Amino acid sequence: MQFLKATIPGEYLDGFLYRGHLYLLRIDSSMVLVNWDELVSARCPGPAEQVDPLAEMLFIDNSLARVDRRMLRWSGYPELRDFFNKRLRAYQDIDFSLRAPINPVDLGGRAVHSIELYFSHLWLAGEAGVSMCQYGPGYHRKGRRSTITPVISGHAFSATPERRFLWVSQRGMTIGFPIEKIASDRVNVNFGSPWELPFSALTVGWHWSDPTFASRDELRSRAFVYADWLEPDKPLARLSAEDRDTTEQRKAAVSKSSSDAIMIGGKKTYLEIELGDLARSRVFCSRERAIVQKSSGLTALDWQYDFSRSDLGVSEDRSEHGDAERVLISTFGWVVEGSLGVVAYTRQGCTSLAQGEVIQVRTFPSSIRYENIVLIVLEDRIEILSMLDYDFLLAPGDRIRSIGRRSEFYSRWHDDSSEKTTAFRKIA
Amino acid sequence: MTVRTTLAPLALHHEANPVHRDPSRSSHHTQWSPGIDESDEFAIFSESVARAWGAPDASYWGIRLQADGHLETLNDTRLHDDRIAKWCRFVGNMTPQIWHGYPTWPDPQRDCPPQAVLLAWARYRPLSVAKVAKILRGRQCSF
Chain R
1 MQFLKATIPG EYLDGFLYRG HLYLLRIDSS MVLVNWDELV SARCPGPAEQ VDPLAEMLFI
61 DNSLARVDRR MLRWSGYPEL RDFFNKRLRA YQDIDFSLRA PINPVDLGGR AVHSIELYFS
121 HLWLAGEAGV SMCQYGPGYH RKGRRSTITP VISGHAFSAT PERRFLWVSQ RGMTIGFPIE
181 KIASDRVNVN FGSPWELPFS ALTVGWHWSD PTFASRDELR SRAFVYADWL EPDKPLARLS
241 AEDRDTTEQR KAAVSKSSSD AIMIGGKKTY LEIELGDLAR SRVFCSRERA IVQKSSGLTA
301 LDWQYDFSRS DLGVSEDRSE HGDAERVLIS TFGWVVEGSL GVVAYTRQGC TSLAQGEVIQ
361 VRTFPSSIRY ENIVLIVLED RIEILSMLDY DFLLAPGDRI RSIGRRSEFY SRWHDDSSEK
421 TTAFRKIA
Chain U
429 MTVRTTLAPL ALHHEANPVH RDPSRSSHHT QWSPGIDESD EFAIFSESVA RAWGAPDASY
489 WGIRLQADGH LETLNDTRLH DDRIAKWCRF VGNMTPQIWH GYPTWPDPQR DCPPQAVLLA
549 WARYRPLSVA KVAKILRGRQ CSF
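Residue numbers (the numbering used here), protein chains in the order written: chain R, 1 to 428; chain U, 429 to 571.
It should be emphasised that the hints constitute simulated quantities derived from the structure, not laboratory data. Do not rely on the hints blindly, as some may be mistaken.
Derived contacts from chain R toward chain U, CB cut-off under 7 Å, selection only [said to hold, decoys possible]: (1) H113; (2) E127; (3) F157; (4) V358.
Just so it is clear, the structure is predicted and the values come from calculations on it, not from any experiment. Note that beta-carbon positions come from the ideal geometry of N, C-alpha and C, so glycine has one too.
Model the full structure from these sequences, guided by the hints.
The following block contains the structure:
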């Protein structure tokens, strides 16, 4: 698979792309905020003093993905493919050095090793715990709009915010703070009573709307299911036959030993489910796909709504990444961070993204704008890679079946005659 | 032996603890390398205090450099399943406070040196910022 690379020299611990801005955590725990859209415009100028349209589609909003299906017809002409490939070669490796004044962000002297952005809030994980503040380009002002507030003390390995919980991983435990109220235009976040898992989670993934945890210390996983059937105002009789079947399947999957349930607001309940042989592995998952790590290696699964599985058939190449340490699932495939480097597994095979140990790797699978981006922090630079997973760049005979890209999902809205994809398929 | 800190008038008293120099106790106490004697341990402690690699109300953390500028291995790896300690921790948890040190390695189950200290050491191989980031994020890290 091809990718384009933008390089930002400097010593950083972390970076995050969020709503048109690049948040950079320097090695000295100071942070800077860079207007990403302006930076791309400055480095990739196009006609009429505007950003180059191709660079905009690849680095700013991934809109190239949304024209894929229509472009397929145009790109039957080899001249058009040649034109695009020539333009792409011009952006193969771009210097994105930060020359313009950049905005420093005051973190109050905290020692921070990781940052997250979610819902226009900045989440800081470090040796003193997890803190947060509202920040960024949400709503109408782009500055910090609240003071930095501690959420939990004690060394935090990671903080993973999402719509339902803030998950904080610490030594020997993972704490979930139910998020009862959060908004881009409000400065306060209301948390419910924290829920504690007795192991330290390396990652928190979501199987549809249910949390799944890969253990940090060993090859083990636990998964929970949203048990809405326990809520009195959701009787099964109101469900469609299909949803009723799914509910029955989920009920059957609930672990017999499940005694602790995650409660949110006293009513939403998650119950632990049986993972079978998957419990003795690390399960890295997104909504509809999972990578299972066992001592024998990695296996990619098409992870269905009813917990059934089917092998996606992409084989692991350990010589490229060494021992797998973490897997990130993205819409173009999955990215393995290993002891020897970072590798992307895509429908076009295995592609090396970085050699050696890296400081941080990020993908943005839940961001429409940045779902094609891989951000890698190296010792002396940050590399921002734009992955080119577009059928129209290939000759018609070279096009192969997808592993489930969001662009195909969009394409189906434009063209209902397109073939069914392996992802976004709900078992009847 | 006593080392005076830059935080006058504080003086820290150091005595090597024999449990960290007794291979028969290696299952519960990490063992210094035979190449690090008690005076070496004190020299490492003195430097860590002088460079403020820690705090008197918590722990101090120390390293020793080889001639080539790399971090020296401080433990007897044969006694610890080949785990390699590139730094040591000094604790002073008795009354009256007497400090002693022991070699230790990255372990998500144990305390790790402060972020600023680890990053100060990251310039010395085989440590690197990538390894420091793994340690701070509780990931497995080996040398």
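Okay, the hints, checked on the actual structure:
1. H113: holds (4 Å)
2. E127: holds (5 Å)
3. F157: Status holds, d = 3 Å.
4. V358: With Cβ-Cβ at 6 Å, under 7 Å, it holds.
Violated hints: none; the structure is consistent with every hint.
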